[in-house]
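4 protein chains.
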Amino acid sequence: MKALVYHGPGKKAWEEVPDPQIQLPTDVIVRVDTTTICGTDLHILKGDVPAVTEGRILGHEGVGTVTEIGPAVSTIEVGDRVLISCICSCGSCSYCHQGLYAHCLADEGASGIGWILGHLIDGTQAEMVRIPFADNSLYRLPEHVPDEAALLLSDIFPTGFEMGVQYGQVKPGVTVAVVGAGPVGLAVIATAGLYGAAQIVAIDLDENRLDLAKQVGATHCINSGTADWKQQVIALTDGYGVDVAVEAVGVPATFTMCTDLVRPGGHVANVGVHGTSVQLDLQNLWIQNITISMGLVNTTTLPMLLKLVAQGKLPATELVTHRFELDDITSAYETFGNAAETHALKVMMSR
Amino acid sequence: MKALVYHGPGKKAWEEVPDPQIQLPTDVIVRVDTTTICGTDLHILKGDVPAVTEGRILGHEGVGTVTEIGPAVSTIEVGDRVLISCICSCGSCSYCHQGLYAHCLADEGASGIGWILGHLIDGTQAEMVRIPFADNSLYRLPEHVPDEAALLLSDIFPTGFEMGVQYGQVKPGVTVAVVGAGPVGLAVIATAGLYGAAQIVAIDLDENRLDLAKQVGATHCINSGTADWKQQVIALTDGYGVDVAVEAVGVPATFTMCTDLVRPGGHVANVGVHGTSVQLDLQNLWIQNITISMGLVNTTTLPMLLKLVAQGKLPATELVTHRFELDDITSAYETFGNAAETHALKVMMSR
Amino acid sequence: MKALVYHGPGKKAWEEVPDPQIQLPTDVIVRVDTTTICGTDLHILKGDVPAVTEGRILGHEGVGTVTEIGPAVSTIEVGDRVLISCICSCGSCSYCHQGLYAHCLADEGASGIGWILGHLIDGTQAEMVRIPFADNSLYRLPEHVPDEAALLLSDIFPTGFEMGVQYGQVKPGVTVAVVGAGPVGLAVIATAGLYGAAQIVAIDLDENRLDLAKQVGATHCINSGTADWKQQVIALTDGYGVDVAVEAVGVPATFTMCTDLVRPGGHVANVGVHGTSVQLDLQNLWIQNITISMGLVNTTTLPMLLKLVAQGKLPATELVTHRFELDDITSAYETFGNAAETHALKVMMSR
Amino acid sequence: MKALVYHGPGKKAWEEVPDPQIQLPTDVIVRVDTTTICGTDLHILKGDVPAVTEGRILGHEGVGTVTEIGPAVSTIEVGDRVLISCICSCGSCSYCHQGLYAHCLADEGASGIGWILGHLIDGTQAEMVRIPFADNSLYRLPEHVPDEAALLLSDIFPTGFEMGVQYGQVKPGVTVAVVGAGPVGLAVIATAGLYGAAQIVAIDLDENRLDLAKQVGATHCINSGTADWKQQVIALTDGYGVDVAVEAVGVPATFTMCTDLVRPGGHVANVGVHGTSVQLDLQNLWIQNITISMGLVNTTTLPMLLKLVAQGKLPATELVTHRFELDDITSAYETFGNAAETHALKVMMSR
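Chains as they are written, first to last, in my numbering: chain A, 15 to 365; chain B, 15 to 365; chain C, 15 to 365; chain D, 15 to 365.
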């Protein structure tokens with residue numbers, strides 16, 4: 015088959031590789047119908063994720079069709095159209111039992127799984143992919159849900175909802191500020207209403223993204239390039255700050271924006287992937303009765319979100335800005351890698 | 015009356031001052047029967063808390079007898095023996111309605127109250143004290159509960175329980191590590207069993223305090239002066255870290271000990287009062303699915319804890335190491351200020 | 015002033031009575047600008063609520079303007095436009111501290127308050143009314159929120175949201191069935207989306223009410239007069255039943271409809287006021303892992319709901335079907351009492 | 015092998031049957047080392063559970079050693095000493111994902127599993143037993159935990175803790191009344207302290223059981239044969255009733271005792287297995303803000319409880335009153351069936 019293979023920092027190729035094989039009785043082989051590129055894939059290509067070694071097929075998102083199942087698979091059948099979770103998990107270890115699929119302890123060659131696709135094992139940017147622990151890692155798609163609507167449920171929507179909205183303890187009537195209106199920030203914005211947020215404030219430097227934020231659910235948009243952005247946000251509250259501040263960028267400055275915006279008793283939910291440490295002003299914050307949360311998505315809410323997508327209640331497809339043939343994945347990478355100019359949010363590749 | 019008056023950094027005196035008067039209809043005047051000194055009082059005396067101005071009577075903990083009530087006080091009567099909460103709160107503002115008494119918005123001369131005793135208004139290290147919003151700030155004591163057993167409920171026990179155990183989300187079966195076995199750390203240790211903690215690990219440099227930790231509920235004591243203290247703690251878990259790590263010191267090093275000890279999915283509860291910022295290693299922590307909490311006690315659990323003290327179910331008096339006459343409060347300050355030698359934890363002054 | 019006075023079963027009159035007076039320092043006198051009639055008022059008039067004695071002024075809902083305040087009132091001022099909660103509460107007793115305002119222990123002539131207006135003390139169907147514990151029982155209205163939009167927050171909307179949606183543990187993605195589309199049932203339907211309900215199924219015999227249900231948020235409407243109503247509901251689920259079934263009528267048959275509809279692991283939230291016992295089929299239900307909740311509204315969510323109404327996010331005014339002058343309250347009673355013909359839901363009387 | 019086979023109402027025999035075989039790749043065969051008899055087994059023998067057909071091997075509790083594993087079993091190995099959960103569950107269906115193992119949807123010959131051992135498939139009162147979905151239904155035992163201490167974790171302790179303590183929402187400081195001090199009631203009493211119950215009141219007619227209740231954690235014991243039993247219980251509270259009332263018998267009278275005892279805002283947790291309907295006095299209860307919960311144990315807390323047993327923190331073995339050879343199981347049935355005279359609580363049979 016053909017696949018997008020990582021060949022060390024800066025190098026990748028869409029090339030012929032051996033077809034994946036069932037290795038464990040809980041495995042499934044999926045023919046990839048639609049996949050996408052994540053910001054993380056760009057980080058890997060820069061060489062920022064040393065655990066990814068040369069020869070690895072990238073990608074951890076996708077929709078496909080089951081072509082082969084291992085003998086211990088009980089809920090998935092050949093021919094099923096399935097959504098691939100970015101997190102593989104056994105469902106039976108002590109972490110899975112707590113809903114911490116991201117920290118699944120099951121042994122898949124290495125110790126512990128979770129996010130392994132396109133990371134520790136071959137991923138979804140290929141014509142076929144092997145999915146371990148398929149009973150707990152794949153989700154059957156209702157017929158009338160198109161690939162395009164389901165695709166963002168592999169990672170982006172569960173990440174925004176679980177790490178932003180749920181960890182942020184959004185509840186009816188609150189004001190939520192989302193710093194960063196990229197794909198994951200937009201997913202936070204699109205799902206904050208599921209817990210009744212009264213005001214959803216999108217904060218970004220890019221007016222294009224702020225426009226999209228409004229379309230998917232933001233009640234207010236504030237450009238953080240303006241001098242008084244903070245006063246604008248605080249003015250939307252009782253003067254004490256927002257109930258929930260969500261960090262969806264991954265740099266120290268935006269993290270500090272969140273701890274600056276949150277009110278006493280509020281929550282800072284970090285969703286961004288960080289590469290450096292940040293300074294936490296405990297001398298001011300210790301007295302504020304706040305929580306700061308962070309983490310990798312578990313995708314435990316994926317079935318629920320899928321139900322809402324099936325009912326047309328989540329704006330999933332709005333985030334797909336560009337479409338490509340799977341064979342043309344290198345063009346897709348170029349478009350996605352140059353988002354400042356192309357305004358790409360999510361690019362979609364289909365066979 | 016006589017009172018302990020702050021006269022600027024390093025200066026204090028037990029001296030004659032005017033008796034307190036009812037100022038608002040919700041006020042009560044209490045004759046102080048027993049009071050104590052908090053680590054915060056030492057900080058104030060060093061000049062570290064600029065909001066405390068010269069002439070202020072210190073102290074925010076105490077047990078006493080009501081001598082006069084304002085016309086709007088409905089649940090407290092003259093002659094009642096009462097426990098004074100370190101937090102004064104109106105019970106009616108939007109923050110109080112959320113249980114955030116520490117951030118009460120009621121106006122008491124300044125904007126917002128909460129911790130004001132011995133801070134923004136005169137405190138409890140005196141023969142008498144005025145208590146604002148008495149209906150929500152005083153608690154009637156059952157006859158058979160001695161002052162000594164109730165005294166630590168003004169601040170220490172609610173702080174340990176609310177900020178350590180509840181914010182730390184302790185639940186049945188977990189392993190809790192408490193870094194710092196001073197009065198508040200010991201209060202965490204003594205109350206962690208209320209949510210069924212299976213292992214309670216006290217960590218401190220002082221063997222004397224570790225001994226006391228064992229008496230009040232620690233299942234394991236580890237001296238953080240040993241080279242392998244961290245390995246010792248981790249060995250008590252499944253190898254992945256503790257479920258809850260409680261910071262009860264207030265310096266960057268102990269905060270980082272906590273983020274180092276916590277397992278994926280766990281909680282860091284900061285209880286310590288910090289004077290500087292700390293470095294938060296988000297590059298490692300973002301993926302760990304942890305929460306970090308912090309805050310000033312609300313004392314919302316004070317009535318419940320009082321019930322347990324009344325039943326002899328909390329080791330309240332064990333933390334009182336020294337007793338003085340109220341008139342001898344300057345000796346008490348000397349003993350408490352020199353804890354390294356005197357091994358003082360809580361000193362008690364009674365009339 | 016003039017007021018609607020109860021004179022024993024079947025008898026009432028809009029007549030001259032003495033003006034209300036401040037009795038306790040925490041009282042406030044409110045000029046009633048707008049009020050309404052509750053189904054409970056009809057029950058009282060039938061003689062079904064013996065605690066209501068002859069001479070009592072009825073009514074527990076209303077919007078008004080403060081004309082006088084007691085000396086201990088701290089958050090309300092003369093001239094304030096206020097919403098009157100149907101529940102009066104002190105905010106300081108052990109029940110209020112738990113958010114159980116409905117069971118407030120404060121002494122207001124009798125032991126315990128909660129719902130006393132138009133019940134144990136004179137109510138809001140009058141030109142003026144005395145409100146006890148005003149700091150915790152009145153809510154200042156933003157200028158731009160009209161009486162009409164606020165009025166249903168006195169009772170109907172908090173009752174639907176707290177007793178139906180919150181007690182029913184509605185959460186994102188669930189299917190909620192609401193049995194009974196009267197005012198309170200409609201309030202459940204209108205607020206179930208605040209916790210992300212995916213399907214909101216209105217069930218009633220009256221097509222008129224089902225139409226209104228659709229307008230305020232029902233995704234499906236099912237007439238319980240059809241033979242297969244139950245199959246229709248179950249067909250909307252995975253076949254195992256609804257996640258949450260809300261009883262909003264108050265008779266045994268509708269309660270049993272709810273226990274029949276709920277799936278394993280689901281919740282039955284009783285909102286209706288019942289006059290007789292019901293048969294609970296524990297022989298079938300014990301194994302179902304369900305909860306059954308019930309209770310009188312606390313109105314703790316009133317400020318949050320008010321915020322949403324102020325933002326135009328709740329369909330509050332849609333339920334007001336008829337408008338009258340306050341002086342014409344007897345006509346209003348006639349219209350409301352004859353709802354089958356008049357299709358009245360909420361009638362509004364304004365000065 | 016030998017097994018205890020049900021031969022229709024009133025008939026059973028310890029007789030030779032074929033050894034169990036691996037049927038599905040997720041199965042495991044366990045050699046039974048220790049088992050016990052549950053009250054439910056007696057019900058089955060009376061013919062009260064028609065789903066149990068002639069020829070069925072009874073029993074759903076046990077400790078054993080793994081002798082064979084299916085090809086899809088990943089966490090259990092031959093030779094492992096294991097605890098058998100009374101609930102078999104796949105861990106991957108939508109109900110398992112919610113922690114509702116009792117309502118697992120996996121197909122095991124019939125539709126849906128959960129409690130199937132000794133019910134829909136052959137059980138543990140045998141020399142060997144087949145366990146479906148072993149990865150999620152068996153728990154490896156630490157070496158130093160004897161069979162005797164682990165045995166009650168198959169059913170009794172998780173049932174008491176999950177259905178009584180957790181569903182009852184026990185929390186620090188509350189008063190819990192447990193009606194019925196049989197094995198499950200005693201398990202409630204023994205685990206209520208894990209959420210900090212301040213008062214645990216055992217209520218039973220049998221002084222022998224009340225004595226044992228005291229040993230395992232009851233703070234007060236009240237004989238319900240006394241005329242003023244209810245007043246005795248209420249006197250332990252603020253006069254308004256208990257916070258949590260647990261029904262652990264399974265008849266209408268004891269259920270009504272619980273709704274009579276509970277205070278406004280409290281919880282009734284039904285643990286008993288009921289054979290008839292009960293009358294629920296909604297005309298009094300609707301206004302009480304209570305919840306009533308009920309259900310079959312999920313055993314999701316089994317690993318946590320096992321950890322506590324391993325640390326000697328739960329009084330597991332105290333409930334074992336009689337010990338037999340496995341071969342002598344018919345004597346064990348006699349002793350258990352005649353508990354009034356033998357004072358049997360749990361009888362243990364070991365090979």
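What the hints contain is simulated information worked out from the structure, not anything from laboratory work.
A virtual CB, placed ideally from N, CA and C, is assigned to each residue, including glycine.
You may find that some hints are simply not true.
As the list claims (entries may be wrong) - Once the Cα atoms are required to be at most 20 Å apart in a straight line, the calculated EDC-like pairs of lysine to aspartate or glutamate come out as:
(1) K25/D - E68/D
(2) K26/D - E68/D
(3) K16/B - D121/B
(4) K327/A - D33/C
(5) K185/C - D252/C
(6) K321/B - D252/D
(7) K327/B - E82/B
(8) K25/A - E332/A
(9) K16/A - E30/A
(10) K228/A - E348/A
(11) K16/B - D342/B
(12) K321/C - D252/A
(13) K321/D - D274/B
(14) K327/D - D252/B
(15) K327/C - D252/A
(16) K327/B - E68/D
(17) K26/A - E339/A
(18) K26/D - E332/D
(19) K244/B - D274/B
(20) K321/D - E68/D
(21) K321/A - E82/C
(22) K26/A - D252/A
(23) K321/D - E339/D
(24) K25/D - D62/D
Claimed, not checked - Okay, the calculated bits of chain B under chain D, using three or more residues with CB under 8 Å as the criterion:
(25) 81–94
(26) 209–216
Hint-by-hint comparison with the structure:
no.	hint	verdict
1	K25/D - E68/D	9 Å, holds
2	K26/D - E68/D	9 Å, holds
3	K16/B - D121/B	28 Å, violated
4	K327/A - D33/C	53 Å, violated
5	K185/C - D252/C	17 Å, holds
6	K321/B - D252/D	11 Å, holds
7	K327/B - E82/B	33 Å, violated
8	K25/A - E332/A	31 Å, violated
9	K16/A - E30/A	4 Å, holds
10	K228/A - E348/A	27 Å, violated
11	K16/B - D342/B	11 Å, holds
12	K321/C - D252/A	11 Å, holds
13	K321/D - D274/B	24 Å, violated
14	K327/D - D252/B	18 Å, holds
15	K327/C - D252/A	18 Å, holds
16	K327/B - E68/D	53 Å, violated
17	K26/A - E339/A	17 Å, holds
18	K26/D - E332/D	29 Å, violated
19	K244/B - D274/B	9 Å, holds
20	K321/D - E68/D	38 Å, violated
21	K321/A - E82/C	54 Å, violated
22	K26/A - D252/A	51 Å, violated
23	K321/D - E339/D	28 Å, violated
24	K25/D - D62/D	13 Å, holds
25	81–94	violated (count 0)
26	209–216	holds (count 4)
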